[in-house]
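With these hints in hand, go ahead and build the complete structure from the sequences.
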Amino acid sequence: MIDYQNRRIKFHESTSPWIRSFSLESVKCLIVCRGPVRKEAMEIFDLLGIKEYGILLSEKDSVVYPMSLAPELRGFRFPSNIHRVPDYMGSGAEEKAARIKQIISIAKDNHYTHIFAGYGFMAEDAEFIEAIEKSGVTFMGPASYVAHQAGSKDEAKKLARQLNVSVTPGVENISALCLLKKHPDQKALESLSKEKGLNFTYDSSKSLSDNAEKLLYAGYDKIVELVTIPELQAEAEVQCTQIWQKFPSNRIRFKYVGGGGGKGQRVVSKPADIKAAVQEILSESKVTVPGSNRNFLIELNIEKTRHNEIQLIGNGEWSLALGGRDCSVQMHEQKLLEISLTQELLKEEIENASKTNPKKAEILKADLKVLQEMEEQSERFGEAVKLNSVSTFELIVEGTNHFFMEMNTRIQVEHRVTEMAYTLKFVNPENKSEFFILDSLIEAMALISVHGKRVPKPERQVRHVSGAEVRINATNKAIQPHAGGIILNWSKPLPEEIRDDQGISIRNPDTGLFVHYRVAGAYDSNIALLITYGESREDNLRRLGNILRRTELRGQDLQTNLIVHYGLINWILGKDPMFKPSTAFMISYLAAVGALEGISKDVDLEVAWGKTMAKTPAAGHKVLSRKLTLITRPLADLLSDAHLLAGFLGYHLNHSWKVEKGNVIWLKNPIHILNDLYYYLNMEGEPHQSPSEKIWDHDDQILKSALAFYAELEKRTGITAESSEWDAFFNQAKAPAGFDEKLWTASKSAHLGFQIGLDMLKLVPNLGNQSGFYELTMDENLEPVIPEVYRKPETRDPLIKNLAPSPKASSDEIVAPMGGMYYSKESPDLPPMVKEGDHFKVGQPLFIVEVMKMFNKVTAPFSGTIKQSLLPDSDGKIIQKGQPIFKIVPDEVIKVESPQEIQERKNKITSSVL
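Take 233 as the starting number for the sequence shown in the numbering used here and just add one per residue.
Watch out, some of these pointers could steer you wrong.
In silico PhoX-like pairs for lysine-lysine, Cα to Cα no more than 25 Å straight-line [to be verified]:
no.: 1; residue 1: Lys-601; residue 2: Lys-536
no.: 2; residue 1: Lys-618; residue 2: Lys-587
no.: 3; residue 1: Lys-843; residue 2: Lys-890
no.: 4; residue 1: Lys-601; residue 2: Lys-366
no.: 5; residue 1: Lys-685; residue 2: Lys-807
no.: 6; residue 1: Lys-1127; residue 2: Lys-1109
Worth flagging that the hints you see were computed from the coordinates, not collected in a lab.
What follows is the structure in C-alpha cells.
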C-alpha cells in the first residue's frame, strides 16, 4: 500500500507548542455512513491519534453479511461503540425526522463530540446537519448554512448567477412556478398560508418567486402538500417547450435538488418523455410522499460536454481550490474513471507537446486557461458561502466554455484522486519555520471541525503530477447493476495501489484466509475504489492498468466492471493519455464493444487452426503443431471477453499493425505481438498462478527462444528485434555481412519456424476492422470521434445488448433481465405500465426493477400481447434474474437456430476474419 503515514502528524506528540495546539485528542466521532469512506475514516482517525470513535450500522447492512460481520468490524477496537438503526434516513419526511432524532440521541447518550457522514446523502442534508448543530454535537463537514446556500442545487445556481459565475441555462424554481400558477400574487399566497396554518410572512423586499419558495419551505417543515406531482409534470412540459424553442437540437436534463451520485436525474429528448421522467426522478429520490420537497432543476443538456470538478477546502474565511478532476467517463450519471486535472500537469504536457505536436500544445493551453478560470470561480463561490470544510464545485465543460452545475457540500467518492496530486502545508503565520503537512482531506476536515478559523490558509504542494481512480462496481459487461454475487477471493493490493474496499480484503486474523463477502442490492453498486498516481498522465494510466491486469477478483455469480476498466484504459493509452472524453462517450464505447462481441463470439478457434494448418506446407506441420497451445490459448482468453479484446485492439492499432484496404499490415514483429498478448492477459507465468491461467512451460520455452533469437539478431544487424522487417531481411538472396552460409541458412530456418502460424493472429485486428470498432477514435483536438451507429439509440442499444443478452426465455414469456425489486408501475398512484390483454410493441417499457438504488425500466424485446401477469399485486417483491414475469402471445414466433446453422455461421465468420 502507498505509505500514507510518512508525514502523518499526531499533533499531541509534536515538540512545537503551535503544532500541539491543533491536537485532535478531544475528538470522539460517530461515523454515520457506509462504504469505503467508513473504513478510510477509521484508518485516518487511528493514525491521527483520535482515541475513540464509533460506527452506525443500518439494518440494511445485514443483508450484505450473511456469512460474516461487516468487514470494518474485523479487529474493530471499540466493540461497545457499534450502534444500529433500521436504516440511515428512512423513506419520507416523517421517517427521516424520526431517524435524525434517533441518531442524535445515540450521539448524545454515548458522549460523541462529532458526527462524520462521509459522502452519502446525509453528509449534505441541511436538515440533518442543522439538527446536529442544535444538539451541541459538532458536524465534521460543511455547516448547515453552507448546505442551505450551496447544497441545494436550485439555491446554489441562484447564488452563482449573483456572483457572475457561468451557469447552465434553465429553471431552478419549478415548484415556485407551479405554486404561483394557482396563487399568483401576495394576497393569494397569504391566504393559502392562513388556510394551511403555516408560519409565513410575506417579504416585500423579495421577489414574488422568492416568497413563493419561502411558503413552500414552510409547507415542507409541516409536511403540508402545496404542489402536486401532476402539477410539476404539467409545468415541466411548459418550461421544456420554451427551452426547445430556443435550443431545438438539445435535450433537457431534469435533476432533483437533493440528488447526488447520478440519482434523481433524467434526460428527455421529446415532450412524450417528460411526465415519466419527472415521476422517475421523484420516485428515485424518495420524495413522492405528500409534503416532500420535490423541487428539481430543468436545464439545457450540453450535448458534447465533459464533466469537470474543482476540489475546495475552506475554514469559513478563506477558500482554496486544489485543482480539478475529469469525471467525464460515466454511465447512468455515475462516474467510473476519475483523473486529476491540475495546472502543473497541463504545464508539463504543454511543454512536452510543444516540441513534437504544436496543435496539441495549443489545445492544452486552452484547457489550462479554462482550469484557471474554474478554480478562480470556485474559490469566489466558496468564500461567498463561507465554506468551512471540504466541498466540490462541479462544472460541465464544452470546448473553452464552462458552466457551474452544483456544489456538493461534502467530501466526494473521488477525493483520493486530489490527495494523490496535492498535499496541504499549514504554516505558522508568526514563525515560518513551524509547519505541518496533511495529505488526507478527511484529516483536514477533522482539523477544521475542531479548530475552525484558527486554521491558517494552507499552501498546496504537488505530491504527484497525476492521480486517478476507477470505481469497481457490481455491474455486468453492459454496466447494468448485478447484485447478489459472492466474492470468494481477492488478490492483495500492489505496493502502488490504494484499495478502498470497505475492508473486504482484510483476511481472517486467525487463519489469514479471505472471508467471503456478498454483494447486496440495498445500496449502490460500488464495491471498491482503486487509486494510484503517476509522474505523468501516461505513467498514471499505465500503473492503473497494471493494477487491473494483476488484480484477481473471483466469486460466485459475481460480475464487476474490472475488465471494462482494463480495456478502456488500454484503449485510451493507444490514442492519447490526454484524451478528453465527453459524458456521452462511455455509452458509445459500450456500443462499439458490443459490435465486437457480436462478431467475436462466433469465431471458432478450432476451425481457424484447421484452416491455418491447411494452408501450411506439409513440411511445416510438425513445427506448427507444437505451437497449437502457444497461439490458441491466449487467443481463446482474449476472445472470451469483448472488453479485453477492445483494449488490446485500441492499444495496438497503428502501433503494432495497421489496416489498409481491408488488409492487416504488421508494424511490429508478430512474435513480439504474441508476447504482448501474454503480458496483456497476465499469462506471463508467475509462480503463484495455476497452470490454467499462465503460459505452459513448453510454450514458454518456444516464446523465450524466439525472443532471444531476435534479440541476438538485433545485436548482429542493428535492426530492432521488434521490427516488422525481418521477412524482408531474410528474403535477401545472399547472406549479409556477419553471416556465413551455414549461419545464414540456420537463421532463415529459425525465422521461418518462429513465424509459422503467426498469421492466425491477424484474426484479432481483422475483428476490429470488420466489426467497425476502429471507427470509434479520437481527433486532433483530443476529443472522441463517435460514428452515428454508436450514437443513435436505435442502432446503439441493440449493440450494447450483445454484452448482456436477455436470459433465455420461451417465446411465450417475458423474463426479468436482472434481479432486484419488482414494480409494475412508476408510482403507487399510477396504473400498471401494462396489464393483461394489453398489446405491447418492441421497446415499450413493461415493468421496473430497482437494484442498487437505480430504477431500471425493462422494455419489451419483441412485440406481443400480455396473456397473464405472473406477479399480480407484487410491487416491492424481490425477483431473480431469468424469473418469468408475464405469459405473452408474441406477434411473431421466434425462430431458434439449429446447432448446424450455428456452426455454419461460425465457419463463415471465422473464415472472414482469417
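Quick rundown of the hints versus the structure:
no.	hint	result
1	Lys-601 to Lys-536	19 Å, holds
2	Lys-618 to Lys-587	44 Å, violated
3	Lys-843 to Lys-890	23 Å, holds
4	Lys-601 to Lys-366	43 Å, violated
5	Lys-685 to Lys-807	47 Å, violated
6	Lys-1127 to Lys-1109	33 Å, violated
Of the hints listed earlier, those the structure fails to meet are numbers 2, 4, 5, 6, in rising order.
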